[in-house]
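Trainee: Sequence:
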Amino acid sequence: VSVGLRFAVQRLDDAGPHIDFDLQIHSSNKDNSKSNPVSLSLSISARAQLDLRG
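1 is the number of the first residue of the sequence shown in this note's numbering; add one for each residue after it.
No lab work stands behind these hints, which were simulated from the structure alone.
Small disclaimer: the values here were computed from a predicted structure and weren't measured.
Distance windows between CB atoms, simulated:
#, residue 1, residue 2, range
1, Pro37, Gly4, 11 to 21 Å
2, Asn32, Leu5, 19 to 29 Å
3, Arg53, Ser33, 51 to 61 Å
The beta carbon of each residue, even a glycine, is placed where N, CA and C say it ideally should be.
Construct all of the structure, not just a fragment, from the sequences and the given hints.
Mentor: The structure is reproduced here in structure tokens:
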């Protein structure tokens with residue numbers, strides 16, 4: 001089984017250099033309905049390119 005997730009994060013100007021997510025999967029199974037919690041820390045970076053012509 002493979003699952004993809006997409007996150008949208010707003011107001012990154014106040015976020016600092018990292019964003020932290022705490023993730024856990026909940027299923028409808030009677031046995032083991034919750035996965036082990038996982039913490040994920042992502043670094044924020046931005047890149048821009050500018051061409052000035054005049």
